[in-house]
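K.L.:
Protein sequence lines, in the order shown, are assigned to chains P and S.
Counted the way the numbering used here counts, the first sequence spans residues 3 to 328.
Counted the way the numbering used here counts, the second sequence spans residues 3 to 328.
Possibly wrong hints are sitting among the right ones.
[Unchecked claim] With a Cα cut of at most 16 Å, we get these calculated EDC-like pairs of lysine to aspartate or glutamate:
#1 K195/S with E250/P
#2 K217/S with E241/P
#3 K192/P with E250/P
#4 K192/S with E250/P
#5 K217/P with E186/S
#6 K268/S with D150/P
#7 K268/S with D71/P
#8 K189/P with E250/S
#9 K195/P with D150/S
#10 K268/P with D150/S
#11 K189/S with E250/P
#12 K189/S with D150/P
The set of hints was computed from the structure by calculation and includes no laboratory data.
Just so we're clear, the structure is a prediction, and the values are computed from it rather than from any experiment.
Protein chains: 2
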Amino acid sequence: MENNHTIIVDTLGSDKGPLEIIEGAKLLLENFSDLHIVLVGDEELIKQSNISLERIKIIDSKGTISNYDNPVEAFYKNKDVSIFKAFQEASENENAIGIISSGNSGALIVSTIKYLLKDRTIRPCMAAILPTTNNAFTCLVDTGATIDCVPSQLISFAHLGSEFMKLVYKIDRPRVGLLSNGAEETKGNKLVKETHKLLKEDAEINFVGNIEGNKTLSGLCDVLVCDGFAGNQVLKNSEGMAINLITEIVKFSKKNNDPNAMAIVKYLMQTYDFESLGAGIILGAKLPIMKCRGSSGRNAILNAGRIIYNIANNKTIYEGRDKRGE
Amino acid sequence: MENNHTIIVDTLGSDKGPLEIIEGAKLLLENFSDLHIVLVGDEELIKQSNISLERIKIIDSKGTISNYDNPVEAFYKNKDVSIFKAFQEASENENAIGIISSGNSGALIVSTIKYLLKDRTIRPCMAAILPTTNNAFTCLVDTGATIDCVPSQLISFAHLGSEFMKLVYKIDRPRVGLLSNGAEETKGNKLVKETHKLLKEDAEINFVGNIEGNKTLSGLCDVLVCDGFAGNQVLKNSEGMAINLITEIVKFSKKNNDPNAMAIVKYLMQTYDFESLGAGIILGAKLPIMKCRGSSGRNAILNAGRIIYNIANNKTIYEGRDKRGE
């Protein structure tokens with residue numbers, strides 16, 4: 003039987019424009035010879051881009067949604083938004099193995115709930131897979147899909163993160179940590195304190211307690227749970243700080259005329275490669291949905307597609323990154 | 003007239019033990035020939051430590067407060083706690099110019115409110131002065147003193163931070179930013195959205211809008227406002243990430259036998275020197291109160307004392323750090 007694994011790519015919503023996303027789709031087709039792609043976006047532009055139309059289907063859409071729009075209102079007002087069309091296609095196309103979009107996170111969550119929700123009792127979330135100092139990964143949930151959370155939502159995130167790390171990283175009983183302002187049980191804001199109690203009582207969760215902000219990437223847990231506001235801070239702060247230090251090294255290298263320093267910069271950029279690591283995964287959907295950031299280029303699309311492809315083929319994701327040397 | 007500038011040093015509460023703190027006090031006396039110190043702690047132990055008792059007064063106390071204790075309850079139960087005795091002394095000693103403690107943050111805030119509050123309408127907070135990539139500093143408030151905040155408290159923090167940056171860094175109209183999950187006005191959790199409106203309407207505040215987590219150290223604002231839970235994340239995450247990257251460089255240096263890499267490590271450790279930068283300052287008190295972290299050694303005490311001394315003498319704090327080169 004023919005393998006028609008199909009990834010749906012939303013070409014709108016990236017700061018770099020649709021042509022850059024189409025270049026990413028080209029890279030995916032080059033790398034995976036059995037892969038098909040549905041491109042959602044301006045049909046005319048896509049055809050003008052000189053992409054070969056073999057293994058390609060186009061769904062015409064010119065509608066986008068900005069960071070200022072309310073995603074729920076947008077959903078009822080304008081079904082032509084490319085994100086919504088991509089999800090509709092994913093829900094109808096039986097070969098679909100995942101979606102890639104650089105669009106509005108809120109709209110992606112709304113679309114998940116409307117078209118691809120796996121379980122009505124579970125709140126979907128946005129996860130990021132972050133590299134840890136002990137050469138492993140931590141699944142951070144939520145990274146910004148739900149900004150104001152209640153404890154039951156954090157419990158959902160813990161379950162979804164655990165399931166994901168079991169399925170994709172083959173970890174038997176993923177250790178779940180709760181982000182707090184201190185390791186002690188008594189530390190935390192109201193949300194964290196209440197969630198702490200619930201996680202402790204949950205027999206399906208392998209809860210290892212509170213994790214402090216300086217230990218988020220220390221590999222103390224496989225799943226790190228927090229509300230979307232805090233998760234967004236962890237994600238962006240880690241990235242910002244990595245960029246700050248790398249910038250300092252570049253300055254140092256120039257000032258001291260030390261070209262070796264640039265080898266270190268290269269090494270760090272690979273270890274903390276935010277173009278590939280920066281993509282978020284929506285958990286709680288029937289298919290993996292990769293949210294690339296607005297600034298994503300073609301390589302981000304390639305990396306996101308590779309993760310979807312590997313999940314569909316039951317391979318470990320982030321090939322070649324799981325063992326990051328000593 | 004004799005200058006009797008006196009710093010009160012709480013010798014209890016550090017993970018490294020009182021003798022290490024006493025060594026810090028010795029360094030302070032060596033560095034500032036006109037400085038007097040009040041040591042609060044186990045009198046016998048202090049006398050056995052061989053510290054010269056010239057310019058020293060001892061207040062006996064053996065009481066500490068753990069991270070598990072409720073600071074308000076502790077205050078009414080046991081006035082012998084060294085933190086409370088240090089604050090009592092500061093409120094009675096007219097030569098006092100500041101307090102240094104490595105003890106429980108909550109107890110420091112409670113003591114501030116009980117003994118040294120400057121203005122009953124203002125909620126005191128814990129500030130950290132963080133180095134920015136444009137060679138300046140940002141005052142982060144609150145870093146963990148008030149974990150669950152209401153908007154009016156964040157407004158207090160904005161005022162206190164502005165006042166501090168005006169007084170100590172001689173910045174005319176300090177730019178105040180609000181930590182959020184996006185730069186857009188519509189981004190934020192409920193607390194941030196409400197605070198955003200209030201800051202915009204506040205004529206005394208030079209509000210520059212929301213700041214994202216990857217821009218906290220970019221120098222976009224002089225004062226960065228957030229609740230204590232989020233601020234604790236920013237502070238600890240920045241530190242954790244700096245340590246992670248520095249550790250990676252050390253690994254790289256060993257693996258590639260590149261001793262030059264260690265020069266970079268040294269440079270980064272100076273730039274992101276958390277032993278001196280890690281100390282928090284309580285704002286909203288009649289005197290500067292330096293909170294050193296539990297892991298602080300003698301140099302942290304010296305640095306904290308230097309800041310108090312410089313504030314009392316109307317000098318710029320962090321001498322030699324204000325211009326961090328190109």
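K.L.:
State for each hint whether it applies.
P.N.:
Now the hints, each set against the structure:
1. Taking the CA atoms of K195/S and E250/P, the gap is about 34 Å. The hint is violated against a cut of 16 Å.
2. With a CA separation close to 10 Å, the supplied pair K217/S and E241/P stays within the 16 Å bound.
3. For a cut-off of 16 Å, the pair hint linking K192/P to E250/P is broken: about 38 Å separates their Cα positions.
4. Taken as a hint, the K192/S and E250/P pair is broken in the structure, with Cα atoms around 36 Å apart against an allowance of 16 Å.
5. Between K217/P and E186/S the CA atoms are separated by roughly 29 Å; this puts the pair beyond 16 Å, and the hint is violated.
6. Pair hint K268/S plus D150/P does not hold up; C-alpha atoms about 41 Å apart against a cutoff of 16 Å.
7. For the given pair, K268/S sits about 47 Å from D71/P by alpha-carbon distance, which is inconsistent with the 16 Å threshold.
8. For the suggested pair K189/P and E250/S, the alpha carbons sit about 30 Å apart, so the restraint of at most 16 Å is broken.
9. At most 16 Å may separate the alpha-carbon atoms for a hinted pair to count; K195/P and D150/S meet this at roughly 11 Å.
10. Taken as a hint, the K268/P and D150/S pair is broken in the structure, with Cα atoms around 41 Å apart against an allowance of 16 Å.
11. Simply put, K189/S and E250/P have alpha-carbon atoms about 30 Å apart, too far for the 16 Å limit, and the pair is violated.
12. Restraint check for K189/S and D150/P: satisfied, since their Cα atoms lie roughly 11 Å apart, inside the 16 Å limit.
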